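Peer 1: Chains A and B, in that order, give the protein sequences. If you read the first sequence in the numbering used here, its first letter stands for residue 1, the second for the next number, and so on. If you read the second sequence in the numbering used here, its first letter stands for residue 1, the second for the next number, and so on.
Hints should not be assumed to be uniformly reliable.
Short, incomplete list of chain A residues facing chain B, as computed with Cβ under 10 Å [claimed, not checked]: (1) Glu67; (2) His118; (3) His124; (4) Phe126; (5) Pro131; (6) Gly141; (7) Tyr144; (8) Ser165; (9) Gly167; (10) Ala172; (11) Leu342.
In silico DSS-like pairs for lysine-lysine, Cα to Cα no more than 30 Å straight-line [stated by the list, open to error]: (12) B:Lys245 x B:Lys185; (13) A:Lys200 x A:Lys147; (14) A:Lys346 x B:Lys245; (15) A:Lys354 x B:Lys245; (16) B:Lys215 x B:Lys181; (17) B:Lys245 x B:Lys189.
Note that these hints are calculated values from the structure, not bench results. Keep in mind the model is a prediction, meaning the values are calculated, not measured. Each residue gets a CB set at the ideal place from its N, CA and C atoms; glycine is no exception.
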Amino acid sequence: MPQPQVDFTITRLLDAEGKLSGDLPALASEREALIRLYRIMVLTRRFDRAAINLQRTGALGTYPSIEGQEAVGAGIGFAMRADDVFVPYYRDVATQIQRGVLLEETLRYWGGDEWGMHFAHQPHDFPVSVPIATQACHAAGVAYAIKYRQQPGAVVMTCGDGATSKGDFYEAINLAGVMRLPVVFVVNNNRWAISVPLRKQTAAVTLAHKALAAGIDGYRVDGNDALAMTQVMDEVLQQARDQHRPALVEALSYRLGDHTTADDASRYRPADELEAARTLEPLVRFKAYLQNSQQWTEADDEELYAGCDREIAQAVDTYRNYPEQPPGEFFDYMFATPVTDLQQQKQRWLEERKRHG
Amino acid sequence: MAEWTILEAVNHALATAMREDESVVLLGEDIGINGGVFRATAGLQAEFGEQRVLDTPLAETVIVGMAVGMAAHGLKPVAELQFMGFIYPGLDQIISHASRLRNRTRGRLSCPLVVRAPYGGGIHAPEHHSESTEALFAHMPGVRVVIPSSPARAYGLLLAAIRDPDPVVFLEPKRIYRLGKQQVKDDGKTLPLDSCFVLRAGIDLTLVSWGASVKETLEAAQQLAQQGIDAEVIDVATVSPLDMKTILNSVQRTGRCVIVHEAAQSCGVGAEIAARLADEGISSLLAPVRRVTGFDTVMPLYRNEDDYMPGVNRILLAAHDVMEYR
Numbered sequence: 001m002p003q004p005q006v007d008f009t010i011t012r013l014l015d016a017e018g019k020l021s022g023d024l025p026a027l028a029s030e031r032e033a034l035i036r037l038y039r040i041m042v043l044t045r046r047f048d049r050a051a052i053n054l055q056r057t058g059a060l061g062t063y064p065s066i067e068g069q070e071a072v073g074a075g076i077g078f079a080m081r082a083d084d085v086f087v088p089y090y091r092d093v094a095t096q097i098q099r100g101v102l103l104e105e106t107l108r109y110w111g112g113d114e115w116g117m118h119f120a121h122q123p124h125d126f127p128v129s130v131p132i133a134t135q136a137c138h139a140a141g142v143a144y145a146i147k148y149r150q151q152p153g154a155v156v157m158t159c160g161d162g163a164t165s166k167g168d169f170y171e172a173i174n175l176a177g178v179m180r181l182p183v184v185f186v187v188n189n190n191r192w193a194i195s196v197p198l199r200k201q202t203a204a205v206t207l208a209h210k211a212l213a214a215g216i217d218g219y220r221v222d223g224n225d226a227l228a229m230t231q232v233m234d235e236v237l238q239q240a241r242d243q244h245r246p247a248l249v250e251a252l253s254y255r256l257g258d259h260t261t262a263d264d265a266s267r268y269r270p271a272d273e274l275e276a277a278r279t280l281e282p283l284v285r286f287k288a289y290l291q292n293s294q295q296w297t298e299a300d301d302e303e304l305y306a307g308c309d310r311e312i313a314q315a316v317d318t319y320r321n322y323p324e325q326p327p328g329e330f331f332d333y334m335f336a337t338p339v340t341d342l343q344q345q346k347q348r349w350l351e352e353r354k355r356h357g
Numbered sequence: 001m002a003e004w005t006i007l008e009a010v011n012h013a014l015a016t017a018m019r020e021d022e023s024v025v026l027l028g029e030d031i032g033i034n035g036g037v038f039r040a041t042a043g044l045q046a047e048f049g050e051q052r053v054l055d056t057p058l059a060e061t062v063i064v065g066m067a068v069g070m071a072a073h074g075l076k077p078v079a080e081l082q083f084m085g086f087i088y089p090g091l092d093q094i095i096s097h098a099s100r101l102r103n104r105t106r107g108r109l110s111c112p113l114v115v116r117a118p119y120g121g122g123i124h125a126p127e128h129h130s131e132s133t134e135a136l137f138a139h140m141p142g143v144r145v146v147i148p149s150s151p152a153r154a155y156g157l158l159l160a161a162i163r164d165p166d167p168v169v170f171l172e173p174k175r176i177y178r179l180g181k182q183q184v185k186d187d188g189k190t191l192p193l194d195s196c197f198v199l200r201a202g203i204d205l206t207l208v209s210w211g212a213s214v215k216e217t218l219e220a221a222q223q224l225a226q227q228g229i230d231a232e233v234i235d236v237a238t239v240s241p242l243d244m245k246t247i248l249n250s251v252q253r254t255g256r257c258v259i260v261h262e263a264a265q266s267c268g269v270g271a272e273i274a275a276r277l278a279d280e281g282i283s284s285l286l287a288p289v290r291r292v293t294g295f296d297t298v299m300p301l302y303r304n305e306d307d308y309m310p311g312v313n314r315i316l317l318a319a320h321d322v323m324e325y326r
């Protein structure tokens with residue numbers, strides 16, 4: 001069996017100006033795919049903005065922003081196949097929209113309705129995990145099930161940089177190494193875990209170093225470069241599926257927004273750091289690349305943005321028109337079969353509701 | 001029919017479940033070639049292979065967390081936690097995920113897993129090896145907590161737990177693991193979850209217990225019978241969700257109730273039963289509901305553990321108090 005490799009160099013194909021360096025990736029010759037990749041990022045960016053606006057007007061609950069990290073999710077989703085399984089955290093709209101999760105479903109979840117994670121068109125991906133790093137363990141379990149059943153797919157788990165400090169994360173990557181599981185752990189290193197910067201999170205030189213101790217492959221990739229993300233994910237997923245080689249991918253990005261709409265990053269984050277990070281963000285460089293290589297025009301760009309905004313407006317409309325849950329439905333999904341006590345509690349609650357209006 | 005201890009019944013239930021369903025997979029520490037520290041999984045790796053009886057790394061969070069992932073993706077994992085005292089790293093996974101996956105996906109995903117753990121005191125074990133913290137799990141919505149107290153119930157309830165489409169915490173009273181054998185038919189038949197078992201019919205007093213304490217409760221009932229007091233003995237078996245119907249029916253007839261459990265008193269499952277009796281059975285009660293329980297202390301190390309355990313004498317005292325109440 002080949003020894004696990006950890007590559008500490010950062011894979012980057014597109015620089016901040018959108019210039020391609022090194023060998024041409026296969027994707028570079030596929031105009032339609034490049035535009036699709038770009039559109040996923042734009043759609044995610046515009047959706048993110050729309051969701052924050054909805055929250056500000058009281059039409060959505062607390063929502064975690066994605067701005068600046070669109071390329072991480074775009075690349076993951078682009079490389080995944082239908083028979084892979086996605087085990088996300090909560091900044092993964094760019095991947096989820098490629099997995100069949102509807103924008104209106106994401107709004108419905110953050111809008112306080114469990115049906116938002118029912119995913120009408122995605123049968124087996126996990127709902128977002130709110131408790132940090134716990135999902136790393138689920139990913140290992142799904143990967144074991146895939147391997148045990150000799151199914152073709154692999155599992156992708158995502159988490160933030162803060163999650164790598166947790167025991168769940170270490171236990172899961174260690175177990176994945178021992179059991180040779182078809183799973184890829186992607187760390188969206190956006191440098192901040194709410195107000196705690198990465199330097200207070202770990203003394204490890206890079207987060208990819210953590211792969212060393214687990215005996216799994218480790219990679220670092222420019223998470224603001226959608227081409228590099230797609231290429232690295234393609235490679236590690238292929239190895240996970242075909243050789244059951246687990247991997248840890250540290251995707252270097254930056255959280256341009258607040259942690260959530262309940263957070264104010266200006267309390268703790270230096271303004272100059274934010275400004276510097278903005279120059280490296282993923283959409284600007286990808287647009288420049290399309291302009292340089294695909295004769296992408298401002299008119300093309302405006303049309304694409306308009307199309308995304310129409311799609312989002314429709315999703316918002318659908319979201320606003322979802323029916324309310326029937327009263328007391330929250331009792332009904334605790335167990336597969338009715339439980340006497342719960343039925344009694346529900347009945348009593350419904351009667352009380354009738355009595356008091 | 002074979003004669004089994006509880007431990008052997010657990011072993012046979014696991015083997016039977018694995019033979020009938022390839023998706024049943026066992027995981028845990030030392031459960032493979034070693035057969036588990038109590039030998040509950042003895043011989044199973046030899047029969048079913050390393051892919052179905054997994055020796056995991058020593059990491060309780062990922063044992064339970066992995067089981068969540070397996071269960072959500074079509075397997076029926078049965079995780080062994082070596083002792084209840086070491087289950088707590090996995091508590092987060094049970095509370096935050098296993099118990100709510102069905103609800104938070106509105107039934108799209110579910111979590112048909114079993115977490116088994118030996119629990120309770122009385123075997124002169126080291127620190128952290130003797131606690132009874134079933135109430136922690138009983139308090140959590142969305143998870144069943146099942147505790148057998150005989151070989152037949154260990155077999156039938158464990159099979160039911162494995163076949164159940166929702167998560168079950170299955171706590172095995174290790175003090176009576178090897179105490180006495182019982183004839184059990186290895187016929188793959190389950191016993192009902194969410195149901196109490198009436199072990200002894202009686203008309204004067206209802207004694208309610210579960211786990212290893214059922215043994216002392218039955219002994220107390222026998223002594224009471226010699227004194228002319230006819231006690232009904234109920235093994236709760238599924239401590240969450242509770243089968244209050246059976247308990248209420250009994251107390252309606254007897255008017256008197258003593259609840260016996262090894263766990264600390266405050267906020268124990270006994271408190272819930274007593275509260276429900278006060279709420280739904282007050283008109284039948286002829287005396288206050290009494291609890292004979294462990295104490296709100298740390299479980300003493302083994303030199304003094306007997307002082308902590310609810311023994312026959314304490315049960316008898318409470319029974320007499322309740323009988324004499326006017």
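Peer 1: Hint by hint, note whether the structure agrees.
Peer 2: Here's how the hints hold up against the structure:
1. The interface hint given for Glu67 (chain A) is violated, since its Cβ lies 26 Å from the closest Cβ of chain B, which is over the 10 Å cut-off.
2. Because the beta carbon of His118 (chain A) sits about 4 Å from the nearest beta carbon in chain B, less than 10 Å, this interface hint is met.
3. Interface hint at His124 (chain A): satisfied, since its Cβ lies 7 Å from the closest Cβ of chain B, which is below the 10 Å cut-off.
4. Because the beta carbon of Phe126 (chain A) sits about 7 Å from the nearest beta carbon in chain B, less than 10 Å, this interface hint is met.
5. Here the hint on Pro131 (chain A) is kept, as its CB sits about 5 Å from the closest CB of chain B, short of 10 Å.
6. Checking Gly141 (chain A) against chain B: minimum C-beta separation of about 2 Å stays under 10 Å; hint holds.
7. For Tyr144 (chain A), the suggested interface contact is upheld, since its CB lies about 6 Å from the closest CB of chain B, less than 10 Å.
8. Below 10 Å, beta-carbon pairs count as interface contacts, and Ser165 (chain A) has none with chain B, the closest being about 14 Å; its hint is therefore violated.
9. With a cut of 10 Å, the hint placing Gly167 (chain A) at the interface with chain B holds, because the nearest CB-to-CB distance is about 6 Å.
10. Because the beta carbon of Ala172 (chain A) sits about 5 Å from the nearest beta carbon in chain B, less than 10 Å, this interface hint is met.
11. Checking Leu342 (chain A) against chain B: minimum C-beta separation of about 7 Å stays under 10 Å; hint holds.
12. In summary, the hint linking Lys245 (chain B) to Lys185 (chain B) is supported, as the alpha carbons are separated by about 28 Å, within the 30 Å threshold.
13. At most 30 Å may separate the alpha-carbon atoms for a hinted pair to count; Lys200 (chain A) and Lys147 (chain A) exceed this at roughly 37 Å.
14. The suggested pairing of Lys346 (chain A) with Lys245 (chain B) holds, with an alpha-carbon distance near 17 Å, which does not exceed 30 Å.
15. Of the supplied pair hints, the one linking Lys354 (chain A) and Lys245 (chain B) holds, its CA atoms being roughly 26 Å apart against a limit of 30 Å.
16. As the CA atoms of Lys215 (chain B) and Lys181 (chain B) are separated by approximately 13 Å, the hinted pair is consistent with the 30 Å bound.
17. The hinted pair formed by Lys245 (chain B) and Lys189 (chain B) meets the criterion: a straight-line CA distance of about 24 Å does not exceed 30 Å.
Checked against the numbered hints listed earlier, the structure breaks hints 1, 8 and 13; every other hint is satisfied.
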